[in-house]
Each structure stands twice: as C-alpha cells, then as structure tokens.
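If you want the building blocks of each chain, they are given just below.
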Amino acid sequence: MWGCERDVRRSDGAGGRRPRRVPGFGPQVLCGPAQVMFLANPWTGAVFCLALCTADWRYGAYGLGGAALGTGTARLLGVARDRVETGLEGFNSCLVALCFAVLLGADRLSTVLLAAAGCVVVTVVTAAVVRLLGVWDLPSLTLPYCLLAGAVTVAAPGFRRIWPHGHSLAALPRAVSGPTALRPGDVGGAFFRNVSQVFFQDRWYVGALLLAGVFLASRVAGLVACCGSVTGILTAWALGAPAARIADGTMGYNAVLVALALCGVFLEATPATLLYALLGAATATALTPAVAALLAPSGGHAFTWPFVLTTFGFLAAVRSFPRLTGRGPGPGEAAPPWQVTAPTPSV
Amino acid sequence: MWGCERDVRRSDGAGGRRPRRVPGFGPQVLCGPAQVMFLANPWTGAVFCLALCTADWRYGAYGLGGAALGTGTARLLGVARDRVETGLEGFNSCLVALCFAVLLGADRLSTVLLAAAGCVVVTVVTAAVVRLLGVWDLPSLTLPYCLLAGAVTVAAPGFRRIWPHGHSLAALPRAVSGPTALRPGDVGGAFFRNVSQVFFQDRWYVGALLLAGVFLASRVAGLVACCGSVTGILTAWALGAPAARIADGTMGYNAVLVALALCGVFLEATPATLLYALLGAATATALTPAVAALLAPSGGHAFTWPFVLTTFGFLAAVRSFPRLTGRGPGPGEAAPPWQVTAPTPSV
Amino acid sequence: MWGCERDVRRSDGAGGRRPRRVPGFGPQVLCGPAQVMFLANPWTGAVFCLALCTADWRYGAYGLGGAALGTGTARLLGVARDRVETGLEGFNSCLVALCFAVLLGADRLSTVLLAAAGCVVVTVVTAAVVRLLGVWDLPSLTLPYCLLAGAVTVAAPGFRRIWPHGHSLAALPRAVSGPTALRPGDVGGAFFRNVSQVFFQDRWYVGALLLAGVFLASRVAGLVACCGSVTGILTAWALGAPAARIADGTMGYNAVLVALALCGVFLEATPATLLYALLGAATATALTPAVAALLAPSGGHAFTWPFVLTTFGFLAAVRSFPRLTGRGPGPGEAAPPWQVTAPTPSV
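Chains as they are written, first to last, in the working numbering: chain A, 1 to 347; chain B, 1001 to 1347; chain C, 2001 to 2347.
One chain only, chain A, in its complex shape (with noise of 0.2 Å):
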C-alpha cells in the first residue's frame, strides 16, 4: 500500500513505475483528502473526512467539496489520467476550501461562492506548478494551496463582500512570550494537534481520528508521522518556543508532513532517510516563525510553506549525497535531472 502511493506520489512530476489507478470517481474524490498525507486510499479520505466532520460537519462538506471540484476542473480541463484517478488534483483544492472556510466562515454566502472559483482556478495554479518544478524533478505538494490560499488571505481585507472582520489581521511581529515549560497534558495534546493542524483544526481527537487514518493506509507512514511529530515538539521546545504555540500544534504540523516526505514517499524508508527527513522536520519547525513572522506584516498565514520550502531544499540535495541514499552516481543517476525526468507530455 505504502509502496503504492510514492509511486503514486513520484508520478507527480516525474517517471516512475505505472501507479495503481483508484477506478470511479467518487473514490477518486475521497483520495483528495488523503493525499494531503501522501496516501491515494479512499478510505483514508474517508477518515479524514469522518475527522472534519467531528469538528465540524460544514468543514467535512468544504473538504470533501473542494476535493470533488478541483477532481472535476481537471477532467473537464483534459489533465492526465494518472493525476486526477490517484487524487493528486483533489487535495490542494480540498485545502484551498476548508482553509476558506476556516478563515472567512463556513456559513457565508460569499465563502461559499469563493470556495468554489478558488477550487477551479488551483487548478490551473496546480499544473502550471507541476510544470515549473518538473525541471527540477520535483513534486508540487502543497504549493498550489500555499500560493491560493496565502494570496487570497492578503487580498481579503481588500474586498467588503469576503472580509468578516472589520479590521486587517496585518501587524509587526513581536518577540514572543510566556513560558516555555511543557506540561505533560501539553505534549499529548501536541502530539496530536501536529496532525490536526495541517487540516486547520486544533481539537486533539480530530488529530488522532486523521493519524488513525493514516496507520489504516500503511503502519509505516503512521511510525514516521509520529516520528515527525515527536521532533516538532523537541525542537520547538529545545529553541525555547512558547508552551502555549507548541501545545496548539501551530509549531509542529509542518515537521510531520516533512517526515512523510523525506521518509516513505520521496525517498523509500531507510534507517539514513529516517534521520535525514528528522532533520527535515526539525528545520521546519525552527522555519516557521520565520514564515509567520515574514508574512504577519501583511497580514498573511504561514499556511504549510515551511514543509513545501524545507522538503524542497531537502529533495533537490539529496542527489548530492550518494553516502545517505546508499548508491553512487549510477548510469541512471548520471543524466543530468532535465533528461531523465522529462514529465510525460500531458502532464
């Protein structure tokens, strides 16, 4: 399973082997949310979806929605068949519109409507990303969401009809405070909101309801999810981040989405890639104040920059170190990126 989607997942942007089609469309759908965790499992979707649902049902409806939308853009568009049969077009439209919800309110009319544009024009960001990235080889992520959503979250105060608030979120940042002791009750609850929060929830059941989800799909995913989580949590505490942001999740849920990354899905599992995606991890999580504090003064989120920015860094040196992926540089390697990883031509 696990094995099946970084085939999946390689084929975003890249060759690789044929990856195992899901066959109808609404579980084609339902891989949307899953793929947020790398995963092209309805049934995980499906979980995931449960999850949002328990928080929320409106969310569950904005996720599942916006998966289905962005799965429909792309077929209508006429993008390739092995992008949008493994989810790989449902899951940055599914974030783009849960994210909207979140931040706009789910029950607005012009939420609603937004939701839905914003769910067709990621996908046109969502191809024109693949294309840009596969000089390099790299994969996409969640970059699409992260350009969407952030740019519509700084428009937002400029527009009567889609800002809620009366004011603009946009403020310097300032040197944190409080403390920086971690109580026990904090680390379980961080542990889980790791996980949450990449859906934008901060409920410690939803995280555990989204990583049982996970497991269901692959153990192995689920012991480096963990992984990654424990790392965001000694990391953000041995810099001596606020107690408080550690235990809401905001400081760890870019280092479990690295771990995935770097450790199963980009790179096959290894003991060397373990340390290597914790290494990952534990960047991201000292990257994220800097992406909060880089955006705070127009107002923006950090959204998952620091995972898209960090597993990019990560995957593009890999190459550089035949010592960590076991292999010097073999015939196969020895074609310079450009050449051995032409995207196929409807990509």
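The reader is advised that the hints may include incorrect statements.
Cβ-Cβ distance ranges computed for the label pairs, FRET-style [said to hold, decoys possible]:
1) C:2183 with B:1021: 51 to 61 Å
2) C:2081 with A:270: 20 to 30 Å
3) C:2323 with B:1107: 28 to 38 Å
4) C:2026 with A:177: 39 to 49 Å
5) C:2166 with A:244: 15 to 25 Å
Covered by chain A, according to a simulated footprint, are these stretches of chain C (three or more residues, beta-carbon under 8 Å) [said to hold, decoys possible]:
6) 2073 to 2087
7) 2155 to 2162
8) 2169 to 2178
9) 2268 to 2282
Simulated from the structure, these hints should not be mistaken for lab results. All residues carry an ideal CB built from backbone N, CA and C; glycine is no exception.
Based on these hints, arrange chains B and C on the given structure of chain A.
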C-alpha cells in the same frame, strides 16, 4: 497585423516563425511603447506617446526617451536583432522612465539621471529574465520593469537626493472601507482608466486614446482589451472592492493586460482561450490587493506584478489542458519544453 | 593563482577545466573563509581568520569552526570531492556561524549549539541551491548563507532560548535623514569597511587586513576589490545616502563582492568586463536599501542579498551581450545552457 505581433512576441523566449521586423531606428523606438500592449506597430506607439502627452508632455518625453535609450543600449551591447527591431527592448525601459517621472517628480534633474541609468540597467535585467525564463519557454513580459521599478521605489526613501517626499510611504495594509455601489459614471471611467493606468495615468481620455491605438493595430486586440477591462470591473465589484478604487482604474489594469496576453498574443484567439483569458483577468484582479498588501509594509507599489504572475501561471499551465488548446500532445508537444523551445543562441 | 580560483569557482555549478585541489583537511578548511572572496587559497584564509581575531578572537573561532564543520559535514555526506577540497563547502557555513555570533551573542551556549546545527543544515541548503541553479549554469554564491541566516534571524524572536533581546527588531522602514556630505575621514574608513562588513566587522583595520589577504592571493583581485569599494562609495554618495551609512561600510560591501565576481571570477578580467562589473557594483549599492526596506518589517537583515541578486542577474544576462564578452555565439555557445552546463552527476 495581430498575427504578426503574436509571432513577434512569441519570439520573446521561444522559437516561432520569422517575425516581421520594423526597419529604421525611429520606428523601432516607437514600437517600444506599443509593445507594452504587445503590439509591434510604430503607429500605435506614436498614438500611445500622443496619449501620454495629452496628460503631460513630459510624460510623453520620458516614455519615448526611455524606449530610445533602452533600444539603443541593447543595440550597443549586441542583443539579438529580432528583439531590438520589434520593440521588445524598448517597452520595459519606456515604463521604467515613465514610472520614475510619475513617482519621483518629472521636473527634477535627479529623476532624469536616474531614469537614464535605469534604462541601461533594465536592459541587463531584461537579458537575464529572458534567459532565466527560457527554461520554461515563458516570455519576459514586464517582469524586468517590475523588478527594477519595484527595487528603486522601495530603495528611494533611503537616498536623500532621489526621494522627493519627507517621509516614507511604508505602512501596514488596512481593511478597506467606503461604498461599494458603482454608479454609471464610475463604470464608464473605470472602463477607460483600466487602460490608462497601465501607463500610470488616471484620466479617462488618455485611456480612450490608448484604446484607439490598440484598435489601430488590431481590431481583435482592441475587442479583447475591452473584454478584459469589463471583466476587471465585474470581478472587483463582485468581490466588494470600494467603488472609488474601481473607478480610478487601479483594480482593473492588470485584467486588460492578462486578457490581451492570453487571447491572441501567446495563445491563439479562440472562444476557448477567450474564456481562459477572462478567468485569468479575474484572477489578476483578485490578486491586485494581495500584491499591494505584500508590498505596502516596505513602501512598494503593485506595478504590473499581478499581470506578470497570473500570465506566467496560466501560460505554464496551458500545456496540461489539451482540451483547451484543442489538440492532444502531438509529436512536437511530446518533447519536453527545454528541447522544443531552445532560445536562439544570440537571444 | 587568480586564474586558478576562477576555475575552482567555475566548477561551482558548471563544468570547466580541472581545478587545482588543496590537499589536507586543514588547508581545505582554511580555504573556506577565503572563498567568501572567491579565493581558494589557504594562506588567504589564514589571514582572514587573523583579521577576524583582531576584532574579537571569538569571531575568528566561530568563522574557522563554521568552515570546519561545513567541510566535515559535506565530506561525511559524500559531496563531490572537488567542491570539498577547494573550500566551496566551507564559506557558507563560515558566514553562518559568524553571523550567529555577531547577531545572537558569541558567548551564549545556545548560540554555539545553534551555529553548529546551522552549519549542518547549510550544507543541505548548499546542495539544493547548487542543483536548482545548475539549470541556468549559475553559481550558488552566498545564497545558501543568505537563506539560512535570513530565516534564523527572522525566526529568532519567536524562540525564547535563542533571542537575546527583549523585543523584536521589526519596524517599518523610514525615510533617511542626516547629512550626505562626505568628509575625507569618512571616505577612507568607508573604503576599508566596505571590505570588513562582508564579515560583519565595522573596524577599518579588519578591512585593511582582509584586503591584504586578497592581494596575497591575487594582485588583480585586490585591485578589482578596490575598484568595487570606490564604486560603492561614489554611487551611494551620488544617490544621496547619509554619510554615516556610507562611512560604516553598510552601503558598499555588496559592491566589492559584485566587482570581484563579475571581473576575474566568473567572467575574465578585461576592460570591458571591468566596466560591466562596476555597473553591477553600482546596481548592488542602489539595491541595498531596497533589500533592507523589504526585510525590515519582518525584522530581517540585508546580508549579502544585494550581491547575490545582482550577480545572478548580470551573469544570466551576459550571454546575450556578444560584444561584451568579445565573441559571437560560437558552436559551444549555440547549445542551450542546460546542455553545455550539465553538472557532473555527483555535484
């Protein structure tokens, strides 16, 4: 005529049929202002300069002088002839000089000298951008101008001889207020000002003259520009932008440029691409306050960043949508972009 | 000697003749500080460390320790030998450690640990940057250092164990004030401090020692560095920068680096390229307040961003100017950059 421009612009970064060159240095310089709207037509350039002069003769002088200096520098440095002779080396320098005149004061000697230096440097920036974007077969658009003018306007408060104001314009972005209901007079003014703001002008008759210049070169281009302007107004109104910002054209000028670029210039003008171009125009309109908010804390301007970013995205994406361009991935398309689109060596 | 460095640096990302390697781990580490100025000379590196020690022995220790840790990490991960043995894996880590010492306090244990972690991570970032920029045949310069040091200094106020100050340094940029008339003493100090500020030092004799180290390796490089420093002073004065900012060297250190890079290192040293390099040096000087203003609202520093961005632009552009490099597009040049500049597989 319109088909001719398309070739000319396609030669910007990509291969293509042999473009029709404009003979003589004078007409080549006049093509500079026209190329801001993707038109390699000296008569259109003359009308554009006339339009600038109706606002203020000095703006016309800056615009034409900038185009001449940029074209001359490119000749001196030995830039490929097909770029120089079609005005592609003149439109960024035209905009740079004009932008300095408007923002730093047209009457000051320091502005004249800075504009001259800027026209030389933007030629280097243009060559760099053409080469960097050539990897993806993307045109350079007004990115060189956005980079240089953006850098100078952000840096200007740090130099006492350049900055005409006593204080910096840097501020945190605020949520907009003011009425959103559009009156008929607002709509009419916005329609023309969406064109004139491309050249930093806020008088409706400047926009009307510019639009006449576009129609002079190509009726299709003129109609597409009108569609883009209307889409910009509709999108801004639907999202709830303040009526005052719609009426002065600052919300919609990027929509005009995006519509032109995506329908007739870099993609063939068909009903499908018109829809695609108007989706792009709407996206650029929504993006405009985002760019403004991102740059406001450092005192920057949006310039044509929304146009540039949106057009890059929609052009990079279009190959993944075979149903849009009406053809499957044929033998020519099957080759990865870096093989079919090798820039000619001298570009 | 100077020609040798050029080869060494050209091997950074591109092909080229076989560089002369420095034997032994100690001399390789000493090449790290020297490579900040593009010099693969262990004696120069020793002089640079001595110069740092005259300011504060701890700065010398951080700089040398950083270079050692970066070089060692790269060896451990199996980075290509020609990069390790010429100091190219040591100069970014040298600057990272030094920057942390200056900005976060050299005496604190947290700074030591963070610098050590930073030196490991910057090796990964360097590998990523080399691969990403390899598409355009561009060298990595100090981009890895700028990225990592920039991220950490922006993130630092978010971590209580790292941040030594009680408040954030984030602020909106303001228009400068203060006299712009330079006194002779200002000019002399600025001339040397333009060199010392590359290593965060503001004492003139540190700059004098550094310059002596450059002359020790190459007389041409020393003269070019002097020209760059003078250009930086002249440009800043002509644009009206405050005399105090010119005198402390913060306006001109990027000009020195740009001049070195564009005349003798990545382009051959000829009268034409000297002019081109000094145009680049002036551009970088004008760009410096822009970068500072862009990063000020998030509490960031300019580091060597102006140098990196300017050099990338001027290097990417240079192939379009056959008159500058004194040759037409020959058969070697005719191939698109991604074919002639394939990085060797293990780089």
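These are the hints, each one checked on the structure:
1. C:2183 with B:1021: 51 to 61 Å: Because 55 Å falls inside the window, the suggested range holds.
2. C:2081 with A:270: 20 to 30 Å: holds (25 Å)
3. C:2323 with B:1107: 28 to 38 Å: holds (35 Å)
4. C:2026 with A:177: 39 to 49 Å: holds (45 Å)
5. C:2166 with A:244: 15 to 25 Å: At roughly 19 Å between Cβ atoms, residue 244 (chain A) and residue 2166 (chain C) fall inside 15 to 25 Å, so the hint holds.
6. 2073 to 2087: n = 5 at 8 Å, threshold three: holds.
7. 2155 to 2162: With 7 residues close enough to chain A, the hint holds.
8. 2169 to 2178: Our answer is that it holds, as 3 residues pass the Cβ test (under 8 Å) against chain A, meeting three.
9. 2268 to 2282: Check failed, 0 qualifying residues.
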